[in-house]
Every structure is written in structure tokens, then in C-alpha cells.
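Novice: Sequence:
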Amino acid sequence: MMTLPKRNLLILTSTILIATGCSSPAFDAENENAARNRGAAGGALLGATMGALTGDATLAVQGAALGGVAGGVSGSMKDLQDSREADRNQVLADGVSQDTRSDAERRVAELEAEIKLIELEQKLADMETELEKSAPDSEES
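Note that the sequence shown covers residues 1 to 141 in this note's numbering.
In case anyone wonders, no lab produced these hints; they're calculated from the structure.
Computed from a predicted model, the values in this text were never measured in an experiment.
Note that CB positions come from ideal geometry on N, CA and C, so glycine has one too.
Treat the hints loosely; a few may be bogus.
[As the list claims (entries may be wrong)] Distance ranges between label pairs, derived from CB positions: (1) K6 <-> S83: 36 to 46 Å; (2) T13 <-> R84: 32 to 42 Å; (3) D99 <-> V69: 48 to 58 Å; (4) R88 <-> E128: 49 to 59 Å; (5) R7 <-> S74: 21 to 31 Å.
Please build the complete structure, drawing on both the sequences and the hints.
Specialist: Here it is as C-alpha cells:
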């Protein structure tokens, strides 16, 4: 049976508690380093488990430390990639939302809209006139 010295057991327990605390959903909800935290916690737990399976407490602590570092580094790379992608998406969204027409093109579009509005108002007036002309005819019948 495997026996752990008190010191190593304390280090292992505190490492696991710290690692799981770093990966809590409340901490990661709006955290830009969420993947780093999850990677470090997962790596530490994996390293501690692998070390514990060998039966050597010192190896478990070393595995937790190395796993935490490796997981944290890989998670940081994911955070960096996500951050760059978010920046690219924001730049693209800003570019799409901007009106890139020249002043002349904008003025032409405004004039076309005004002309279309005048045409629609004229059609509406013509329809109202026709309706008024046809209304007395239907009353006489």
C-alpha cells in the first residue's frame, strides 16, 4: 500500500485545490485567460494522477507541477489565438458597418430616395383622386 509523507500529501492536496480553484466557472465566466486556467488545472490533475499511479508522492507532486505548467502554456496559446480572432472579427465588423461611399455617392443616393418618395406621394395622390371620382359613381347606382 502506498503511504504518503505528510509534507508531500499536503503539497499534493494544496496543488489540487489550487488547480481546481483556477478552473472554476465563476472565475472563468468573463476571464480572458480562461483556457490557461483550465489547461493548468487539467495538466496539474493529470500530472498528479500519473505520479500517484506510480506510487511515489514526490513524483506525483512533480507531475502536478509539470502538468500545470504544460497545461497553462497550451491554454495561454489558445487564449492568444482566441484574442487575435476576436480582434480580427471586430475589425471586419467595423469595416462592414462603415459607409465607404464618397460624399457624391451619398448625395446621389439621398436624391434618388427623395425622387422615389415624391413619385410615391404622387401615386398616392392619384389613387386618392381616382377613389374620390369613383365613390360618387357608386353612390348614384
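Novice: Range first: 48 to 58 Å. Now tell me if the beta carbons of D99 and V69 are that far apart.
Specialist: About 49 Å separates the Cβ atoms of D99 and V69, which means 48 to 58 Å holds.
Novice: Mind checking the hinted window 36 to 46 Å against the Cβ distance between K6 and S83?
Specialist: Given about 42 Å between the Cβ atoms, the range holds.
Novice: Is 49 to 59 Å respected by the C-beta to C-beta distance linking R88 and E128?
Specialist: holds (54 Å)
Novice: Go ahead and decide if the range 21 to 31 Å is satisfied by the Cβ distance of R7 to S74.
Specialist: Between R7 and S74, where Cβ atoms are some 30 Å apart, the hint holds.
Novice: Does the Cβ distance between T13 and R84 fall inside 32 to 42 Å?
Specialist: holds (37 Å)
Hint compliance for this structure: every hint is met.
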